[in-house]
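These protein sequences, in sequence, are chains B and A.
Using this note's numbering, the letters of the first sequence correspond one by one to residues 26 to 248.
Using this note's numbering, the letters of the second sequence correspond one by one to residues 26 to 248.
Do not take every clue at face value.
The list treats identical chains as one, so a pair stands whether inside a single copy or across any two.
[Claimed, not checked] Each computed SDA-like pair below joins lysine to any residue, with the alpha-carbon atoms no more than 20 Å apart:
{"hint": "1", "residue 1": "K146", "residue 2": "P159"}
{"hint": "2", "residue 1": "K248", "residue 2": "C238"}
{"hint": "3", "residue 1": "K248", "residue 2": "P220"}
{"hint": "4", "residue 1": "K189", "residue 2": "E49"}
{"hint": "5", "residue 1": "K146", "residue 2": "S93"}
Bear in mind the hints are in silico, worked out from the structure with no lab data behind them.
Since the structure is predicted, the reported quantities are computational estimates derived from the model, not experimental observations.
Chain residues, written in single-letter form:
2 protein chains.
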Amino acid sequence: MTIDNPTPRSRLRRIPERGRYDRETIDAVLDAGFLCHVGYICDGQPYVTPTLYWRQGDHVYWHGARASRMLRTLEQGADVCLTVALADGFVLARSAFHHSINYRSVMLFGTAEAVTGEHVKAAALEDFMERLFPGRWRELRPITRQELNATTVLRLPITEGSAKIRTGPPKDDDEDCTWPVWAGVLPVQTTLGVPLPADGMPTETSEPNYLQCLPHLNLGHPK
Amino acid sequence: MTIDNPTPRSRLRRIPERGRYDRETIDAVLDAGFLCHVGYICDGQPYVTPTLYWRQGDHVYWHGARASRMLRTLEQGADVCLTVALADGFVLARSAFHHSINYRSVMLFGTAEAVTGEHVKAAALEDFMERLFPGRWRELRPITRQELNATTVLRLPITEGSAKIRTGPPKDDDEDCTWPVWAGVLPVQTTLGVPLPADGMPTETSEPNYLQCLPHLNLGHPK
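All chains should be modelled from the sequences, with the hints used to inform the complete structure.
Take a look at the structure:
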């Protein structure tokens, strides 16, 4: 399945061979991350707000306090550009010019809509929690109506956008390849650290499995 | 030293106690990261472009191919919002509502200017390289005039913006603190992976120290 692409705003201009427009690639990048950057215009000024997100089916979701400027602006139908970028490694070439970075990124365009209705909104928040911490939602103190009312959930359809991916070694000019300097890829990765328990937990509280690995994100402790 | 803050666009509205406007805090966040998200408006549409950046003195710099839409738009004086966000940990509370994330972020506003002049531009690129990989610049095949001409370097003064930081444990409602579920912080961290050497290196090429740790970023291999 490909999305309605490329459009004038989603078509890659620079290094178009890195661009992908199929949902399988786009979804794989979205599902590997948890932090996006939401771009929007308010009073003629561009803003870029970092926030957590999750994908469910054909939409990307995010949420926040109802009073948020970003959420209030987008709820009213402002154009949004939602970007996810995952850094995978520094690419060290023999010349400064050919240095690069290995990355996976997605840029989505469109207008967001609010997820409304108590049950639908609660189900969306449950999806978010379960994606990160499987089994946690039902163990929590249940969400209240007041808490739901204070929370805005937005979603953006995955219908216009692109993925951009760089992988592999440096691409040096042929005549540079014997230059006596180390070249290659220095990977970077995101890993979990040692969990820090809160004060006051009942002593019999057990450590859930997701403290060792967030399975959906494939995010674990360093080996 | 504080910056000219807060202005209407840089003042934090949501959870203002997380906001900081002093240069020491802002610079520390900027210096701990390498990937920013640049927001700008082109033909009325917001775009958010991920790119590498570096700080030198009172400016944040970034660069790219001269043909880049983002760089061409910003070079002409368009308003920019440059955001850096570093995720430090998932904050797991006893209620869904009080879940959060520990993070350090900076949002800067203003207009960028092009760094021009061959020597000045080369010096800026050398700063960028040396910040990541100390000692590497002088070991590389020297940059050519053509490569410099094909590269745009922009900089944004650090004069308007804010940092926003969350640290510490979950802030549960008092009556929830004995709820029998694990609560605390699950740290996330960025670490280096095992270097992947490129094909064709002369056999006597030694591994530089920065493959073990990028000292400026305090980014090393997992312990």
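Consistency of the hints with the structure:
| no. | hint | in the structure |
| --- | --- | --- |
| 1 | K146 with P159 | within (18 Å within a copy, 50 Å between copies) |
| 2 | K248 with C238 | both (12 Å within a copy, 17 Å between copies) |
| 3 | K248 with P220 | both (16 Å within a copy, 15 Å between copies) |
| 4 | K189 with E49 | within (13 Å within a copy, 35 Å between copies) |
| 5 | K146 with S93 | within (17 Å within a copy, 40 Å between copies) |
Going through the hint list in order, the structure satisfies each hint without exception.
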